[in-house]
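Asks: This note's numbering puts the sequence shown at residues 1 to 531.
Simulated from the structure, these hints should not be mistaken for laboratory data. Note that beta-carbon positions come from the ideal geometry of N, C-alpha and C, so glycine has one too. Wrong hints could be hidden among the right ones.
To be verified - Pairs of lysine to any residue, SDA-like flavour, derived with a Cα cap of 25 Å: (1) 430 with 265; (2) 417 with 334; (3) 166 with 142; (4) 467 with 379; (5) 501 with 442; (6) 500 with 482; (7) 343 with 411; (8) 92 with 68; (9) 207 with 160; (10) 430 with 308; (11) 207 with 384; (12) 501 with 470; (13) 467 with 505; (14) 483 with 505; (15) 323 with 379; (16) 270 with 292; (17) 336 with 260; (18) 343 with 405; (19) 323 with 442; (20) 336 with 217; (21) 384 with 273; (22) 343 with 205; (23) 417 with 405; (24) 166 with 209; (25) 384 with 403; (26) 467 with 410; (27) 417 with 284; (28) 207 with 260; (29) 133 with 149; (30) 483 with 442; (31) 207 with 177; (32) 497 with 517; (33) 384 with 501; (34) 207 with 246; (35) 500 with 405; (36) 336 with 292.
Stated by the list, open to error - Computed Cβ-Cβ distance ranges for the label pairs, DEER-style: (37) 292 with 483: 44 to 50 Å; (38) 150 with 96: 38 to 44 Å; (39) 63 with 524: 56 to 62 Å; (40) 194 with 62: 47 to 53 Å.
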Amino acid sequence: MDALKSVSCVDVQRNPALRGQIQGIARRLRDLSIISIGFADAMKESCEAFGAVSNKIGIALLPDEVLIMIFDLVLADVEDSDKHITVSCLWKAAVNLSHVDQHFRSVMLDCPRFWTNMSSCGEMVEACFPRTKGLPLKVHLNISYCTDSEERYFDPVLAELLPLAKYWGRLDIIISHIEEDERSFKNTTGETLRQLDAPLLNELNIKAVPFPEFQNFNLDCAQWNSPNLRSVIAFECFPLYLPGLSNVFDLFVMIRVDDEKISEILGEIKRMQNLRYLSLEMSNTHYPGNIDVFERFEFPQVERLRIVSELHFRKDDSSPALKRSIFSSLFFPGAKQLVLEIKGGDYMDYESETDWDENYTRDYLFNTEINRIFRHVDQFPRVKIFAFNILSPRGVHRNSVMRSEAYIPLNMLPSVKHLRLNSNMRFDVKEPEDPDEILFDDEIAVAPRVTGNRLPILDSITLCMRKPSRLAEWVREYLLRVKDREMWNGLFELNLKELKKSGIRSTRYIGDKALNWCEDRVNRTATQERN
Numbered sequence: 001m002d003a004l005k006s007v008s009c010v011d012v013q014r015n016p017a018l019r020g021q022i023q024g025i026a027r028r029l030r031d032l033s034i035i036s037i038g039f040a041d042a043m044k045e046s047c048e049a050f051g052a053v054s055n056k057i058g059i060a061l062l063p064d065e066v067l068i069m070i071f072d073l074v075l076a077d078v079e080d081s082d083k084h085i086t087v088s089c090l091w092k093a094a095v096n097l098s099h100v101d102q103h104f105r106s107v108m109l110d111c112p113r114f115w116t117n118m119s120s121c122g123e124m125v126e127a128c129f130p131r132t133k134g135l136p137l138k139v140h141l142n143i144s145y146c147t148d149s150e151e152r153y154f155d156p157v158l159a160e161l162l163p164l165a166k167y168w169g170r171l172d173i174i175i176s177h178i179e180e181d182e183r184s185f186k187n188t189t190g191e192t193l194r195q196l197d198a199p200l201l202n203e204l205n206i207k208a209v210p211f212p213e214f215q216n217f218n219l220d221c222a223q224w225n226s227p228n229l230r231s232v233i234a235f236e237c238f239p240l241y242l243p244g245l246s247n248v249f250d251l252f253v254m255i256r257v258d259d260e261k262i263s264e265i266l267g268e269i270k271r272m273q274n275l276r277y278l279s280l281e282m283s284n285t286h287y288p289g290n291i292d293v294f295e296r297f298e299f300p301q302v303e304r305l306r307i308v309s310e311l312h313f314r315k316d317d318s319s320p321a322l323k324r325s326i327f328s329s330l331f332f333p334g335a336k337q338l339v340l341e342i343k344g345g346d347y348m349d350y351e352s353e354t355d356w357d358e359n360y361t362r363d364y365l366f367n368t369e370i371n372r373i374f375r376h377v378d379q380f381p382r383v384k385i386f387a388f389n390i391l392s393p394r395g396v397h398r399n400s401v402m403r404s405e406a407y408i409p410l411n412m413l414p415s416v417k418h419l420r421l422n423s424n425m426r427f428d429v430k431e432p433e434d435p436d437e438i439l440f441d442d443e444i445a446v447a448p449r450v451t452g453n454r455l456p457i458l459d460s461i462t463l464c465m466r467k468p469s470r471l472a473e474w475v476r477e478y479l480l481r482v483k484d485r486e487m488w489n490g491l492f493e494l495n496l497k498e499l500k501k502s503g504i505r506s507t508r509y510i511g512d513k514a515l516n517w518c519e520d521r522v523n524r525t526a527t528q529e530r531n
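Based on the provided sequences and hints, a complete structural model is requested.
Replies: Pasting the structure below:
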C-alpha cells in the first residue's frame, strides 16, 4: 500500500508494467471485497440461527414445574376469555400446546390434569382418559328436550362417559329445545342419566336455554349417587330431589319468577342444612303469572347471601308483583353478609316497538325494586356487611326523559356495620313515592311491608363510583342523625373509590374528617347550583 501511495498518474501512464501491476492489485481487492461481503452475510445468518437456537434452549432449560405453571396460566386465560367456555375448548387448547414440540408434548402428557376435560366425542374420551391417571374428570353434556314427545336426547359421547362415572368430578349440563321434526337430524344415544353413580362428583352446573314449554322438563336425578357434591349452579333448571343436595355448601340458582315449581325449589333449598353460601337470582318473565301467597321459608343455615334482580320496563309486567310475593316469604336469620345486585336492563332494546311510549318506561327505579326485596325488618336481622351493587349497561348515561332513583334501606338492616355501594350509574337518593305499590288486585293477599325504626350505627361506608361526591349529602345526613342521638363513633371510616379513566382513586376519611368532607362537598354543590 505504501508503494501505491508513491505512484503518480504520470508514472502509470508511462510505465505499462506498473499499470499491469496496479490492475492486478485492484482485482485482488475486488475479490477480497466479495469474500468479505459473503462472510458478513454468513455471520448474519449464523447470528439469527443462534438467536433461534438460544430461545429454544432457554425454554428447554426451564424446569418442568415452571412450564406446567405457564401451561396452567394459558389454559386459565382460555377459560377466562369467554364466560360461556366449555370443557371442549379447554381440551383443544391442551392439544394445541402439546403439538408445539416434543418437549411440550412430553410435559403435557406427564401432567394428568390437562386431560381431564371430557366432551364432544368418543375419540376424545379414548385419547384423554388414559392420560388422566385417575384424576376427577370434567364432563360436559348436552341434553335436547323435545316438547312434543316430552323425550330427552343425549349426545353419543354419554355412552363412552357413563362407564367412567366413578371418576366424574365436575358435570356441566346444557339443556336446549328441539322440535319433533328435528329428531331425525339429532345424533343421540339411548343412554340416560337416571341412575348416575358418581361418588367423586363435586360440582354440578346446569344451564337451560328457556323455551315456553320448559316447565314440563325434569332432570330426573332422584336416583343419583353423588355423596361428595359440594357446589351447584342451576340456571333456569333446579335439580329437584337430588339426594346429594343435602351435602352442598355453595348454591347458585336462577329462578324465573313465574316458575310453577318455585315453592318446591324453595322447600328443597330450605332442607339443605349444610348450605352456607346462597346466590339467588330472580329473572323476569314476559308472560302473565299467577300471584300466589307462599308459606314462610326460613334459611337459618345460610351465612353469606347474594340476591340478584333486574328491573323491568313493561308497565303491565307481572314480574314486580311476583317478586314482591316471593320475597315476602323469604327470611334469612343467620345471614351475616348480604350482597344485593340490581341490574338495570337496557330500555333501548325495546324502543323500536311502535307502542313504546304507551306500554314501556325509561325510568330506572331501583328504589321500588329495593322495596320488593326488603319486605320485613326481621328478614335479615344479623347482617353485618351489606354490599349494594347498582349496575346498568347504560352506565352513566342519563337524559331529561328518564329518572334514576335508589336509596339505602338501613332501617331494614338493624345489625349492619359496614356498607359498600358500587355503581356505574348516576341516581338520585330517594325513597319510592309508593312504599308498597299494588299493581294488581291479587296482590292484596300479599303481606304488607313491615319496616324498622332503628338507626344502625355503621363502622364504615365505602362508595365505589364515578363521582362519590354525589352521595355526600346522604352520608352527611346519616352522620348528623348519629351525632344527634349521641351514638357517634369517632373511628368511623368513609372510603371513597372514584372510578377514573386512569384507574381507581382511593381516599379514606376517619371520624370528623369524614363529616367535614361531606360538608365541603355539599357546600360546593350548593355554590355551583347558585351560580
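Asks: Among all the numbered hints in the text so far, which are the ones the structure does not match?
Replies: Violated: hints 1, 4, 5, 6, 11, 14, 17, 20, 24, 25, 27, 29, 30, 33 and 36.
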